[in-house]
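*Asks:* Let the sequences and hints guide you as you build the complete structure.
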Amino acid sequence: MKKISCENLSKLYSEIASLQELYLPVKESGVTNYKKYENGAEVDIKTLKTVKSAKDFFFPQTEDMMEFKVNGKNIEINDARKVANPFVIFGVRACDLKSFDILDKVFLQEPVDTMYKAKREASTIITLACNNPEQTCFCKTFGIDASNPAGDISAIIVNGEMLFEAKTEKGAELLNKLTCLEDAGDTDADAERAEIVKKSENLPFANLNLDEFKGENLMKLFDRPEWAELSKACLGCGTCTFVCPTCQCFDIRDFITNEGVRRFRCWDSCMYSEFTKMAAENPRKTQLQRYRQRFMHKLVYFPQNNDGVYGCVGCGRCVQKCPQNLNIIKVIKKLGGKNND
Amino acid sequence: MTNEALFPVVGVITDIRRDTPDVKTFRVVTPDGKKAFEHMPGQCAMLSIPGVGEAMFSITSSPTNTEFMEFSIKKCGCLTSWLHACEVGQMVTIRGPYGNGFPVETAFKGKNMLFIAGGIGLAPLRSVINYVRAHRADYGTVDIVYGSRSMDDLVDFKEIQEEWKNEKDFNVYLTIDRPQDGWDGHVGFVPAYVKEVNIPTDRTAILCGPPIMIKFTLQALLELGFEKTQVYTTLEFRMKCGIGKCGRCNVGNQYICKDGPVFRMDQLEELPSEY
Ligand SMILES: Cc1cc2nc3c(=O)[nH]c(=O)nc-3n(C[C@H](O)[C@H](O)[C@H](O)COP(=O)(O)OP(=O)(O)OC[C@H]3O[C@@H](n4cnc5c(N)ncnc54)[C@H](O)[C@@H]3O)c2cc1C
Ligand code: SF4
Ligand code: SF4
Ligand code: FES
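Line by line, the protein sequences give chains A and B.
The first sequence begins at 1 in my numbering and counts up one residue at a time.
The second sequence begins at 1 in my numbering and counts up one residue at a time.
Derived from the structure by calculation, the hints contain no laboratory data.
Wrong hints could be hidden among the right ones.
Unchecked claim - With a straight-line cut-off of 25 Å between C-alpha atoms, the simulated DSS-like cross-links for lysine-lysine are:
1) A:Lys220 x B:Lys228
2) B:Lys75 x A:Lys285
3) B:Lys34 x A:Lys117
4) A:Lys69 x B:Lys34
5) B:Lys24 x A:Lys73
6) B:Lys75 x A:Lys73
7) B:Lys258 x A:Lys105
8) A:Lys214 x A:Lys330
9) A:Lys334 x A:Lys46
10) B:Lys75 x A:Lys277
11) B:Lys34 x A:Lys285
Claimed, not checked - To give an idea of the chain A side of the interface with chain B (calculated C-beta under 7 Å), a few residues:
12) Lys73
13) Phe87
14) Val106
15) Leu108
16) Asp254
Ideal Cβ placement from N, Cα and C applies to all residues, glycine included.
*Replies:* Structure (structure tokens):
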């Protein structure tokens, strides 16, 4: 294990940034998001949830795919994918780390999404344990341990010092290059981790019952009358899907430029009325149907196809950001099973 | 350019023929005159005109055609109108093949076949029918029930009259919705016609057409004594990626683009009715 005093963290950031591009949570005008590190940036490792989740690194909000040159009847196709240079992400929390596993199940399954894969391979992930999980956090419900995320290097703050442990070869390689770190000696994080586990246990939504969400209940859950009440206030704004680290729906669109046509992909949302609209009809005509799709996908369909792994990591972003105060916790409480009140 | 799932290749339209007032059939090859890729009956491809749109179409030509692919396209929006207005020599982009296709080499093999189509629904079936013709010994009797609004709306009319009707052990039943000058065939809707013809229940049935036609024809088949496990259909859903990643065509735990578009009726029963 290695360590550094939290007062000297800017030294660590500069040193990593001198080796590779470094991205970490930065506060700008009161809003914290992952940004590329620059000298003097207001790094914010107190805020647990960046507004945009870390999925943006591998599955960006918009991403160029190809350019077309159109000349009369002729078309020429040119690759417009950017080369993924090696980069480091610092400060990834346990929930976002788990979301990468979930995205991997989609994008790395055959046929492999090479745009995603290239960025995934170019990254070195430094995770950070959550010393103070918040009221809206319920990662524990999905079996995630906020005190001990892995990644390539795991970090945790103990008594004003940050401790580091390499979890992969790639992580060890980076860790060994960092001269600003000192050996941690016999300092250990066990007591702090135990403390975090205790805090997580006591959060209000730490132990939601998910028993009902299984494949054989699909039709029963789909037909539950409670969806009407649950979805009544939904505006179809799509905020919940955009902030969600595991939502992976995308659109492919063309943009006409001076040189030709650029095709890019961008996040899309199953909450939008246009999402499934076809010439003759729309199979999901009501917001109830769209709302139900989002949660049935995360809690029933996705696990059915992926060995029981749920498509939610309990980060609580949708809990914080929905303008109508709707969220997955309310769905789980209503439909998940006994003792959820 | 690599040949990855979301990245198309260039194709050229080498022939356009008008089938009906709003359906044209387009022949597509690569710029060096080859087929863009191999496919199985019932599989689809994404065609695009950059800046106009990209959409999924059934490959209506048979895999046994080694020279080109064909698409029967109904004019209904941005891309399809653009294609209807273009001329031979126009380049497009093409990617695929997508979807599971019909089980022609497994469940269909050795079976008596019943094809039922409405309107443009013949597009995906044409590929299977011609595949069966090319491997005639592998399949039994073939019945085809095909209906459209009018005589002019029957897709591939010439091929049906000149080729399919003359094929050994092929029975072709055509119908149009309303009487029309110059039509001495059957008049009436497909579901009623299917019952009237009273097709033996030893057939494997494939149904393709507008949802309402599928619903009533399935009812008719069940009344004739068919089991749901004998009846196949292909679904249509809005699509973007074609490979089960963009999430658009997800219904229940299935992705229509990848797990479909061909489903057996009993499989559809296990899905929420959102298609
Ligand atoms: C598996 C599959 C196979 C298909 N096979 C054929 C075929 O063989 N021949 C054929 O003519 N058409 C086929 N279609 C339908 C075809 O994809 C749509 O007609 C096409 O997307 C319309 O594109 P557009 O740009 O002209 O319309 P747009 O301008 O995009 O839209 C016009 C209208 O069509 C709707 N629309 C968009 N996408 C679809 C869609 N996938 N299906 C239906 N409506 C849509 C829009 O919401 C809008 O209401 C198939 C669709 C699928 C999913
Ligand atoms: S649940 Fe909330 S955030 Fe999501 S679309 Fe509805 S109103 Fe918007
Ligand atoms: S559904 Fe809500 S709580 Fe679950 S991962 Fe998405 S944003 Fe986080
Ligand atoms: S079209 Fe993208 S998942 Fe089916």
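*Asks:* Evaluate each hint against the coordinates.
*Replies:* Going through the hints against the structure:
For the hint pairing A:Lys220 with B:Lys228, the CA-to-CA distance comes to about 22 Å; that is within 25 Å, so the pair holds. Distance check on the hinted pair: B:Lys75 and A:Lys285 sit about 24 Å apart at the alpha-carbon level, within 25 Å; holds. Proximity of B:Lys34 to A:Lys117 is assessed by CA-CA distance (about 31 Å); at most 25 Å being required, the pair is judged violated. Simply put, A:Lys69 and B:Lys34 have alpha-carbon atoms about 22 Å apart, close enough for the 25 Å limit, and the pair holds.
About 19 Å separates the Cα atoms of B:Lys24 and A:Lys73, which keeps this hinted pair within 25 Å; it holds. In summary, the hint linking B:Lys75 to A:Lys73 is supported, as the alpha carbons are separated by about 20 Å, within the 25 Å threshold. A threshold of 25 Å between alpha carbons decides the hint, and for B:Lys258 with A:Lys105 the separation of about 15 Å falls inside it, so the pair holds. Distance check on the hinted pair: A:Lys214 and A:Lys330 sit about 18 Å apart at the alpha-carbon level, within 25 Å; holds.
The hinted pair formed by A:Lys334 and A:Lys46 fails the criterion: a straight-line CA distance of about 32 Å is larger than 25 Å. Our distance criterion of 25 Å between C-alpha atoms is met by B:Lys75 and A:Lys277, whose separation comes to about 17 Å. A distance of roughly 42 Å separates the Cα atoms of B:Lys34 and A:Lys285; the hinted pair therefore is violated under the 25 Å criterion. This hint holds: A:Lys73 has a C-beta 5 Å from the nearest C-beta of chain B, less than the 7 Å allowed.
Of the supplied interface hints, the one on A:Phe87 is violated, with its beta-carbon coming no nearer than about 23 Å to a beta-carbon of chain B, more than 7 Å. A cut of 7 Å between beta carbons decides the hint on A:Val106: the least distance to chain B is about 6 Å, and the hint holds. At about 10 Å, the closest approach between the beta carbon of A:Leu108 and any beta carbon in chain B exceeds 7 Å, and the interface hint on this residue is violated. Checking A:Asp254 against chain B by beta carbon gives a least distance of about 5 Å; that is within 7 Å, so the hint holds.
Hints 3, 9, 11, 13, 15 from the list above are not met by this structure, while the remaining hints are.
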